[in-house]
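Modelling step: build the complete structure from the supplied sequences, incorporating the hints.
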Amino acid sequence: MAPQTPAVVMDNGTGYTKLGFAGNDSPSFVFPTAIATKSQGGGGGGSGSGRPAVANKPSFLTGGAGPGSHLSGKRGTEDLDFFIGDEALAASAGPGYGLHYPIRHGQIENWDDMERFWSNSIFKYLRVEPEDHYFLLTEPASQYHLNYSAPLNPPENRENTAEIFFESFNCAGLYIAVQAVLALAASWTSSKVQDRSLTGTVIDSGEGVTHVIPVAEGYVIGSSIKSIPIAGRDITYFVQSLLRDRGEPDSSLKTAERIKEEYCYVCPDVVKEFSRFDMEPAERFKQHTVTYPNGKSVTVDVGYERFLAPEIFFNPEIYSSDFLTPLPNIVDMTIQQSPIDVRRGLYKNIVLSGGSTLYRQFGRRLQRDIKHLVDERIAASERRSGGAKSGGLEVQVIEHKRQRHGPWFGGSLLGQTPEFRSYCHTKAEYDEYGPSIVRRFALLGGPGST
Amino acid sequence: MPVCHLEPLNPSEANCRQAYHSVFLDEPNQHLIGNFALLPLRTRTRGPALQLPPLPAGVTELTIDASSESYDPLDEVLQLFRANTFFRNFEIKGPADRVLIYGILYVSELITKIKPNMGRRDAEKAVMNSALDTNFAIPGDAGFPLNQAFEPPKDRNEAEVLRQYVGQMRQELAQRLLNRVYADGSNAPSKWWLSFTKRKFMGKAL
Ligand SMILES: Nc1ncnc2c1ncn2[C@@H]1O[C@H](COP(=O)(O)OP(=O)(O)OP(=O)(O)O)[C@@H](O)[C@H]1O
Ligand SMILES: [Mg+2]
Chain A
1 MAPQTPAVVM DNGTGYTKLG FAGNDSPSFV FPTAIATKSQ GGGGGGSGSG RPAVANKPSF
61 LTGGAGPGSH LSGKRGTEDL DFFIGDEALA ASAGPGYGLH YPIRHGQIEN WDDMERFWSN
121 SIFKYLRVEP EDHYFLLTEP ASQYHLNYSA PLNPPENREN TAEIFFESFN CAGLYIAVQA
181 VLALAASWTS SKVQDRSLTG TVIDSGEGVT HVIPVAEGYV IGSSIKSIPI AGRDITYFVQ
241 SLLRDRGEPD SSLKTAERIK EEYCYVCPDV VKEFSRFDME PAERFKQHTV TYPNGKSVTV
301 DVGYERFLAP EIFFNPEIYS SDFLTPLPNI VDMTIQQSPI DVRRGLYKNI VLSGGSTLYR
361 QFGRRLQRDI KHLVDERIAA SERRSGGAKS GGLEVQVIEH KRQRHGPWFG GSLLGQTPEF
421 RSYCHTKAEY DEYGPSIVRR FALLGGPGST
Chain B
1 MPVCHLEPLN PSEANCRQAY HSVFLDEPNQ HLIGNFALLP LRTRTRGPAL QLPPLPAGVT
61 ELTIDASSES YDPLDEVLQL FRANTFFRNF EIKGPADRVL IYGILYVSEL ITKIKPNMGR
121 RDAEKAVMNS ALDTNFAIPG DAGFPLNQAF EPPKDRNEAE VLRQYVGQMR QELAQRLLNR
181 VYADGSNAPS KWWLSFTKRK FMGKAL
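Heads up: the sequence lines are chains A and B, in that order.
Per full-length UniProt numbering, residue 1 is the first one in the first sequence, and the count goes up by one each step.
Per full-length UniProt numbering, residue 1 is the first one in the second sequence, and the count goes up by one each step.
Keep in mind that the hints were calculated from the coordinates and are not lab data.
For clarity, every value in this text was computed on a predicted model and none was experimentally measured.
Idealized CB from N, CA, C, for every residue including glycine.
Take these hints with a grain of salt, some might be off.
To be verified - Computed spacing ranges between beta-carbons, pair by pair:
#, chain 1, residue 1, chain 2, residue 2, range
1, B, N117, A, P281, 25 to 35 Å
2, A, D25, B, E61, 48 to 58 Å
3, B, P145, A, R368, 53 to 63 Å
4, B, A66, A, T289, 34 to 44 Å
5, B, T45, A, G247, 31 to 41 Å
6, A, G247, B, A142, 32 to 42 Å
To be verified - Away from chain B, derived, C-beta distances all over 10 Å, residues of chain A:
#, residue
7, E109
8, E131
9, W188
10, K192
In structure tokens:
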């Protein structure tokens, strides 16, 4: 085995998978976490096949041999008849293939599909021999959305993952890191971050959910994690509804998503922003051209959605009738429910991560609103205690250049450190101790490492 | 009180964002009928409303600021209309908020009278037709949609004064709305304003 091969870093999100090599600034591949498999017959099916999902019956619990042979014995057979990523979307548009998303709310739900997805990621996209590489994978910290004090990723998930990587792929070494911890490490590139601390509050907002995850010295405070059911997909739907209200010539989801990503920003105050559009229409209103494969094109006017769309983080009521709590309040509650001795560090280092945190002025507005909540609480307690002044509390929201793929980039940073390999479990260790070895990993980038 | 469904006992609840309120809530010496405030208006229509000075030189209906002595509750209605129609929950904090609510709901109604291809003159006919019609419901009438939150006038005399005041609001709002919807001088209505026809502030319509 060549000692100098870079670690492979894989961040499999609900919406998108980020693939690449440690030490790089950005992932080599970003594509939908989607797989297209033959819809019926031929035994090559996806979720409908006769093989039980590994999650239901892990082979290490059935005595080792079991159904755990996975793809290794089958490579080159009917299992190759599938596509992943953008190719999967294309294949499923035609006949014969069904489209599946093996990850839901950040958790792997279909292990057969996921194994195929990984296999293609490694052999077809990255084109590496797994026995020559160490792998850094990511896992979410929480399992359920909707504000549920969620348990951590169940240990069986890690063991299933280890089984696939060591037994099917024969990889050299494996490390599984928590996405939020990696997102904190990614923020070390910001000039605002002075000490490379692994204490902070991560706001990770992607396609499906928005998580608020407090981390103290590299360990997720699982009982305080919160999630809100508002993320990228909802913002796209909201843009679409505004386009429809105006009868724009193209109000497809695809166009709504493009408009969202290109034109939207967070404003300080909605009413003032409406009057800006009245006063400076030429600068504020935009036009977006959609060109179709047949060469025709239409022009879509872009207006109030520019600031209204991301406003749903701060005023969910304008979009949702059953979820009404603004994101700044959720962040504040999360920190208030964390142990008192880490709260100061959690307010001081609020780190953004994921595609839906990229709106201009998102961090600034979040910081202002959280600060407002904190200051009000302090003022109230000062009144109660008869005027005794408290020192105040620093609230800082960190935006940085690697926010888009925060967990992947954090993995890239940590995966290139000289000690990375010593934190991994190796194939030899796996063979000796079995899958349960991956229940624990030493904290990468934590105290004592560089 | 609009409810935050999440962990209702948390102090953060108090800060749930909500729709915008009237800046006239704290206005001294308000003339009330029921719990509706007959606030001074900047209008030449005839009726019981006290008169505010006309717009100062260099200030327009678009640029007037709440600090101006000419600023009236109808300026506010048109400023808050687009933001507030996104909200279903609204906690009424005082009589001036009822003026705001009525004004916003009436603007919603007016907007439905303006069709996408109407020139200004036709639109003016359509909205003035509605604004000059004296057959509308006031608080206490059976057809008034917000009787749980609006008290009826005490007697017929009060009812008549309230009706005349609301009539002034309606006529003045119709004129000012036209100025906004036809602000760009193209003689075509703003599709941005017309896009609000489907939204209902507080889920209500007059
Ligand atoms: N510049 C941008 N501005 C706003 N939104 C953006 C931008 N770029 C991407 N997005 C949105 O970010 C989302 C994808 O983000 P990300 O890749 O972090 O999600 P994910 O990791 O796949 O999903 P999850 O974290 O929910 O498992 C999509 O909704 C996309 O539209
Ligand atoms: Mg993600």
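_Run through the hints listed earlier and report the numbers of any the structure violates, in increasing order._
1 and 3
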